[in-house]
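Starting from the known structure of chain A, arrange chain B with the ligands on it as the hints suggest.
In order, the protein sequence lines correspond to chains A and B.
Each residue of the first sequence is one higher than the one before, counting from 1 in my numbering.
Each residue of the second sequence is one higher than the one before, counting from 304 in my numbering.
These aren't lab readings, by the way, just hints derived from the structure by calculation.
This structure is a prediction, so every number in the text was calculated from the model and none was measured.
Every residue gets a Cβ at the ideal spot worked out from N, C-alpha and C, and that includes glycine.
There could be a bad hint or two in this list.
Derived pair list, reagent style DSS-like, types lysine-lysine, alpha-carbon separation capped at 30 Å [to be verified]:
#	chain 1	residue 1	chain 2	residue 2
1	B	K529	B	K375
2	B	K408	B	K364
3	A	K102	B	K355
4	A	K173	B	K408
Partial pick of chain B residues on the chain A-facing surface, computed with a CB cut under 10 Å [said to hold, decoys possible]:
#	residue
5	L353
6	D372
7	S378
8	I381
9	A382
10	H383
11	V384
12	E401
13	G404
14	T406
15	T454
Sample of chain A residues facing chain B (criterion: CB under 8 Å; computed from the structure) [to be verified]:
#	residue
16	M114
17	E138
18	A179
19	R181
20	Q185
21	D188
22	A189
23	K191
24	L192
25	G194
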Amino acid sequence: MGSIFNAQQIVNGLQLGSIYALIALGYTMVYGIVRLINFAHGDFFMVGAYAAYGAFFLFNAFLGGSGLPMAAVTLIVAMAAGSVVAALTNRFAYKPLRNKPKLSSLITAIGVSMLIEYLFSALPFIGASFRAFPVLIEQKLYKIGTATISNYVVIDLLVAATLMIGLTFLVRKTALGRAMRAVSQDKDAAKLMGIDVERVIGWTFLIGGAFAGAAGLLAGMTYPRIFPYMGILPGLKAFIAAVLGGIGNIPGAMLGAYIMGLAETFASAFNSLLGEGIAFAILILVLLVRPRGLLGEKSADKI
Amino acid sequence: MLSVKNLKVAYGQIVALKDVSFEVPAGKIVTLIGANGAGKTTTLRAVSGLEKPVAGSITFKGQEVGGMDAHKLVSLGIAHVPEGRKIFPTLTVRENLELAGWTIKDKAEVRRRMDEVFTFFPRVAERVGQLGGTLSGGEQQMLAVGRAIVTGGDLLLLDEPSMGLAPVLVDEIFDKIVAINKQGTTVLLVEQNAAEALEIADFAYVLETGYTTIAGPADQVSCDAKVREAYLGV
Ligand SMILES: Nc1ncnc2c1ncn2[C@@H]1O[C@H](COP(=O)(O)OP(=O)(O)OP(=O)(O)O)[C@@H](O)[C@H]1O
Ligand SMILES: [Mg+2]
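Just chain A, with the same shape it has in the complex (with noise of 0.2 Å):
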């Protein structure tokens, strides 16, 4: 292998980001519209591999076959476990605590966040340990030049991108997306035009969840093993992902899960350890360099 910078690194880098970008999103997503970092969020990433692991055997002990079709409805199930939890979230951690300072809910966040791995290792069909996730799709391998791209790739970017398109279609074009912009620039004026705030922030936390177990899944297909644990780190990479974009920036949350999935997957190839550690510099700079992050404005539309 001759640099680092070659085509199979950009590669994984992009399919890494595209991992991060559908977690960021759900922390800028909220960060957006309720001002909260939802240090759960992570968690409802690794509900959603959960899910999807327990959707495959279940599908597979009753209706048999794998496949394409196994895999959407296996997405379906994760995106719809990240959301229940994160809308669960929202409805009886954060909610009671809106209008008190924004502390408590932090500190809500992170209890919330503990009660949900404690809960899976404790829980016995789940378990403390690590699990092998099935393979839903059979892996193929296709070289293209230099570098060796598995469908898993275009699986991960696939999803991801059409996600995104989704969400801002959603976002820029529908009315939901219209009051969520709404929402998230002031609340009270929102109400004025009788917007039911708590509703659009239900839907926002619905959404974020939907993203992160979508995540889960494709996290769990590209890197097969599942553990309660496992949304900790993602969670935290994407979250700087969401700040180096500029969190509560949509656009800004993409960008800066691209960047991070490359650094990262740049800096593994160099050393591994260097590979753990970048977000973290990342991290340091851009609260050195730039406190608002790359898209963020100073007064900016936050969603």
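Same frame as chain A, now just chain B with the ligands:
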């Protein structure tokens, strides 16, 4: 239409309204005047549901509405043009107006009302594609009133609509308020600009540090010696 009795509202430890009572009869223009910090904005916010009362009652169309969520009151027929206009800065003028029609199921009706706004305020019509935050202060004020026209409703709450406007525009805004009232909308108007407000109002109330003190028909209140000295500067 609206009846407020012994209203008390607090922000944490700070009691902003101690005992506020007033009536807004259907079809009329009622004005609340008072010095800075008297509690005018707080009163309107309590009526539109943005603040929850500690005590007292707010009845709207015969129904107790104190403490009800603001978005529900919009459907019941209260439109509120808040202090500082609160235009959504990164939404276009058109999007701002479309949002104001959020509770209206019939989207053709929303478009009809938007056209009404455009004939009312040609300046707003010229700027439909512009971002709300880039409008001038006067244009933002027109858009804020325009949003309330789209929202519709039977009671219009206006918090200092003349704030920061040039005298010509002040006259224009007041003319529009009278026109909206003539079309059948009841108006509750808060103003620093007491002289103009008293001129168009049917009834007036004076608010002093959380209490309603002077009340009566607007022409009578404007003759009150205390009011003339404190709010009309004569
Ligand atoms: N969010 C808040 N937190 C704490 N105190 C507040 C808050 N909003 C208003 N107050 C206080 O409540 C009192 C009434 O304020 P309010 O805004 O209703 O006055 P106002 O009559 O509208 O004044 P102005 O003419 O300056 O707009 C003031 O003493 C103000 O400092
Ligand atoms: Mg005020």
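Tested hints:
1. K529/B / K375/B: Violated, at roughly 39 Å.
2. K408/B / K364/B: holds (22 Å)
3. K102/A / K355/B: Judged against 30 Å, a Cα distance of about 21 Å means the pair holds.
4. K173/A / K408/B: Given that 30 Å is the threshold and the Cα spacing comes to 18 Å, the pair holds.
5. L353: holds (6 Å)
6. D372: Cβ of D372/B sits 7 Å from chain A, so the hint holds.
7. S378: Holds. Min distance 6 Å.
8. I381: holds (9 Å)
9. A382: Holds, because the Cβ-Cβ distance from A382/B to chain A comes to roughly 8 Å (cut-off 10 Å).
10. H383: holds (5 Å)
11. V384: Status holds, d = 8 Å.
12. E401: Cβ of E401/B sits 7 Å from chain A, so the hint holds.
13. G404: holds (8 Å)
14. T406: Since the shortest Cβ distance to chain A is 4 Å, the answer is holds.
15. T454: holds (7 Å)
16. M114: violated (31 Å)
17. E138: violated (46 Å)
18. A179: holds (7 Å)
19. R181: Nearest chain B Cβ about 6 Å off; hint holds.
20. Q185: holds (5 Å)
21. D188: holds (6 Å)
22. A189: With a minimum Cβ separation of about 4 Å from chain B (threshold 8 Å), the hint on A189/A holds.
23. K191: holds (4 Å)
24. L192: Holds, because the Cβ-Cβ distance from L192/A to chain B comes to roughly 5 Å (cut-off 8 Å).
25. G194: holds (4 Å)
Of the numbered hints stated above, those contradicted by the structure are hints 1, 16 and 17, listed in ascending order.
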